[in-house]
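Enquirer: Chain by chain, the residues run as shown.
There are 2 protein chains.
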Amino acid sequence: MADQQPLDASKLTCTYTSNPQEVPSKAALRNGSETICTDHMITASWKAGAGWSAPELKPFGPLGLLPSASCLHYAYECFEGLKAYRGEDGKLRMFRTDRNTRRFLMSAGRISLPQFDPDELEKLIHKLVSVEGSKWLPQDRAGDFLYVRPTMIGTDSQLGVTTPREALLYIIIGYTPRVDTPVGGKRLLTSPDDMVRSWVGGFGYAKVGANYGPSVLANQEAIRQGYHQILWLYGTEGFCTEAGGSNFFVLWKRKDGKKELMTAPLDDQLILDGVTRRSCIELARERLKDEIEVTERKFTIEDLQEAAAENRLIESFAAGTAVSFDTSSGMILDADDSKWFITPISQIHHRGKDINIPTGPDGRPAEITGKIKGWLGDMMYGRAQHEWVTEIPEKS
Amino acid sequence: MADQQPLDASKLTCTYTSNPQEVPSKAALRNGSETICTDHMITASWKAGAGWSAPELKPFGPLGLLPSASCLHYAYECFEGLKAYRGEDGKLRMFRTDRNTRRFLMSAGRISLPQFDPDELEKLIHKLVSVEGSKWLPQDRAGDFLYVRPTMIGTDSQLGVTTPREALLYIIIGYTPRVDTPVGGKRLLTSPDDMVRSWVGGFGYAKVGANYGPSVLANQEAIRQGYHQILWLYGTEGFCTEAGGSNFFVLWKRKDGKKELMTAPLDDQLILDGVTRRSCIELARERLKDEIEVTERKFTIEDLQEAAAENRLIESFAAGTAVSFDTSSGMILDADDSKWFITPISQIHHRGKDINIPTGPDGRPAEITGKIKGWLGDMMYGRAQHEWVTEIPEKS
Chain A
1 MADQQPLDAS KLTCTYTSNP QEVPSKAALR NGSETICTDH MITASWKAGA GWSAPELKPF
61 GPLGLLPSAS CLHYAYECFE GLKAYRGEDG KLRMFRTDRN TRRFLMSAGR ISLPQFDPDE
121 LEKLIHKLVS VEGSKWLPQD RAGDFLYVRP TMIGTDSQLG VTTPREALLY IIIGYTPRVD
181 TPVGGKRLLT SPDDMVRSWV GGFGYAKVGA NYGPSVLANQ EAIRQGYHQI LWLYGTEGFC
241 TEAGGSNFFV LWKRKDGKKE LMTAPLDDQL ILDGVTRRSC IELARERLKD EIEVTERKFT
301 IEDLQEAAAE NRLIESFAAG TAVSFDTSSG MILDADDSKW FITPISQIHH RGKDINIPTG
361 PDGRPAEITG KIKGWLGDMM YGRAQHEWVT EIPEKS
Chain B
1 MADQQPLDAS KLTCTYTSNP QEVPSKAALR NGSETICTDH MITASWKAGA GWSAPELKPF
61 GPLGLLPSAS CLHYAYECFE GLKAYRGEDG KLRMFRTDRN TRRFLMSAGR ISLPQFDPDE
121 LEKLIHKLVS VEGSKWLPQD RAGDFLYVRP TMIGTDSQLG VTTPREALLY IIIGYTPRVD
181 TPVGGKRLLT SPDDMVRSWV GGFGYAKVGA NYGPSVLANQ EAIRQGYHQI LWLYGTEGFC
241 TEAGGSNFFV LWKRKDGKKE LMTAPLDDQL ILDGVTRRSC IELARERLKD EIEVTERKFT
301 IEDLQEAAAE NRLIESFAAG TAVSFDTSSG MILDADDSKW FITPISQIHH RGKDINIPTG
361 PDGRPAEITG KIKGWLGDMM YGRAQHEWVT EIPEKS
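First to last, the protein sequences are chains A and B.
For the first sequence, the UniProt record's numbering gives the first residue as 1, with consecutive numbering after it.
For the second sequence, the UniProt record's numbering gives the first residue as 1, with consecutive numbering after it.
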């Protein structure tokens, strides 16, 4: 391995587009289902034995993959999703990029894609955001964000099922304009008995393509029935795991009278180690310790049904850095103000019965959900300083 | 749906390459890990609302996918693998194409890709084979085959996890020259406790990319330890399911003295409904009914250990239409004569102990394995007429 070139952000070459796009209007995007990407992307290719090429910042465009590329047959693909935020002070910021780059490295390993130094990837992500920020997230869009998508795919022409010998790492940015959408708590439908998202011994903890496409049938059925997302249950016990592609939190009063904020644990590797999830846990443990116990632990849908019957459910929310909560219908259903990362859950439908969960007025976040969302939003949008946040200098 | 254009093979347009490749020599391919494809491919694109485009036969080449194409993020991809055989009478044949096209349709539905008439796909497959056969599988290569790979991918630029609104169906042909490889029974390593290939409620029965990439880590570990493939176990009971990407058969003497040929069942949707698997079952039920009971049923690794201790294991084989049994090491490990579809299993290693299984001399197929392989091979290579086989007329 010693002769393999490492991924090295200092070798980045930049070729700027001579054909810049116009930033689409809100109206143009509202009913369109296509994701529009910004003018540039960063790519770096890898070959077994040689290692990583010098990264290139270049115009966004087609990849030139052969139809026999291994990513198109065997799901050799993993990704990350993170955001760049335009602060109310006009500055551009990112949130815990190091968490995403480290998870990306883990995901790559799980799907037999090559390794790299995550700090180099972080530099490349910040570079692309610094190039695109002023045009695609201008200072007059304070409180808005861009969606950044690092991706890795197997690119070798290979119809045998074997470890990829060529790969491409790339970073693109999706343009997601601020859209005013209905506020209100989201409603979840529990997963059907014959559909399981992930399983012990599988790969539910890795952000690999193989976790997403197969889950869409169930999500579409939930939407057809008028719900926003699936609440994925696991096992005959019906353990609550994830809500769609987001982590799922419940605040309740335990039978011993103690208030507890709980979410599914990581140790059985069923769920994604979400950056927003971790941040919620850490903040709540630090700032709410006098009033709430914060736990990562198993709990079942029956636990929630029982608590609802006894009026012990206090709040619930989904946490994640999705593009949006639901794009399937062409709508962008971001909570409140399109800065969706913490969304109140108002109802869970399970086998013919509703579990109702309190929210604030009009389905807005109730007390604790709102506090946590506020703390995170303050960091992201520059209203509060915190070590989790990095200011991104901008190319003028 | 009424205004959607169906997939229609009669609308095929043909554009032949003006830049034909030279057929690579055996030596050039032997140590190369890349799959070389033939000169042409067939493609048809689909859009929600519009349906299928007229299929095109055209030169093999890059697809022009955007980096935001949904197949590269969410594993919207499914495929089939089947072969075109050059008979000893000089004729070109395919085997049960209708089984593959119907399974492809099922896989597409599981991964939220569009539907089509499988008979139209069959016509397109046979057309491409008829165009490529005389050059890439010439009459002097009797007993050899080409590997045909129908594929479908989601192509819309979409970073939200939602049903694809654009897709591409394509057919390519991998050139896999006859290679003389060591004969001998294959050795399997049972899957580790912390790795599960598929699960009840998952998608192990569909030929989707999401089943393959995630299994490669375990396969690589098996190869590193000197085995040929993983034998995937399921559940605490250790039910035997698949051997790598192949179906797994055991012939044993039951405790009641009856000879039984058994393979895992389809009803829990853990395994692929293999075309070779089904053909083995049907032929054995028809032609060996006086001597052997053929069952699709659950059996455990402990059942096999006990039977080995009591000398009741008679034969075992893997059945499938893979490119090759193992390309990970750069070797093409086809059984016997590179016409791999039935491969004897000589040993299973489970948690530190070997289970040895009889084979014929030098690890060649023993009696029953050899009979079944012979019957199938006779059909594929034109030594026996059968309704499962279709002669492909050739473009001169």
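By construction, these hints were calculated from the structure, which means they are not laboratory data.
Possibly wrong hints are sitting among the right ones.
Since copy identity is lost for identical chains, a pair holds within one copy or between any two.
[Said to hold, decoys possible] In silico SDA-like cross-links for lysine to any residue, where the CA-CA straight-line distance does not exceed 25 Å:
(1) 47 - 66
(2) 289 - 220
(3) 353 - 61
(4) 47 - 36
(5) 123 - 285
(6) 298 - 199
(7) 298 - 236
(8) 298 - 201
(9) 91 - 289
(10) 47 - 63
(11) 135 - 157
(12) 253 - 300
(13) 123 - 34
(14) 11 - 371
(15) 47 - 175
(16) 47 - 62
(17) 47 - 33
(18) 371 - 195
(19) 371 - 235
(20) 91 - 305
(21) 47 - 24
(22) 253 - 62
(23) 298 - 235
(24) 255 - 239
(25) 123 - 267
(26) 91 - 143
Enquirer: All the hints need checking, so say for each whether the structure fits it.
Expert: Each hint, compared with the structure:
no. : hint      : in the structure
1   : 47 - 66   : both (16 Å within a copy, 21 Å between copies)
2   : 289 - 220 : neither (39 Å within a copy, 46 Å between copies)
3   : 353 - 61  : neither (48 Å within a copy, 53 Å between copies)
4   : 47 - 36   : between (30 Å within a copy, 18 Å between copies)
5   : 123 - 285 : neither (30 Å within a copy, 63 Å between copies)
6   : 298 - 199 : both (14 Å within a copy, 20 Å between copies)
7   : 298 - 236 : both (13 Å within a copy, 21 Å between copies)
8   : 298 - 201 : both (17 Å within a copy, 20 Å between copies)
9   : 91 - 289  : neither (32 Å within a copy, 78 Å between copies)
10  : 47 - 63   : both (16 Å within a copy, 21 Å between copies)
11  : 135 - 157 : between (37 Å within a copy, 21 Å between copies)
12  : 253 - 300 : within (15 Å within a copy, 45 Å between copies)
13  : 123 - 34  : neither (28 Å within a copy, 33 Å between copies)
14  : 11 - 371  : neither (43 Å within a copy, 61 Å between copies)
15  : 47 - 175  : between (31 Å within a copy, 23 Å between copies)
16  : 47 - 62   : both (20 Å within a copy, 19 Å between copies)
17  : 47 - 33   : between (35 Å within a copy, 12 Å between copies)
18  : 371 - 195 : neither (35 Å within a copy, 40 Å between copies)
19  : 371 - 235 : neither (33 Å within a copy, 43 Å between copies)
20  : 91 - 305  : neither (45 Å within a copy, 66 Å between copies)
21  : 47 - 24   : between (37 Å within a copy, 23 Å between copies)
22  : 253 - 62  : neither (53 Å within a copy, 58 Å between copies)
23  : 298 - 235 : both (11 Å within a copy, 21 Å between copies)
24  : 255 - 239 : within (19 Å within a copy, 41 Å between copies)
25  : 123 - 267 : neither (30 Å within a copy, 50 Å between copies)
26  : 91 - 143  : within (10 Å within a copy, 68 Å between copies)
Against the hints set out earlier in the document, violations occur for numbers 2, 3, 5, 9, 13, 14, 18, 19, 20, 22, 25.
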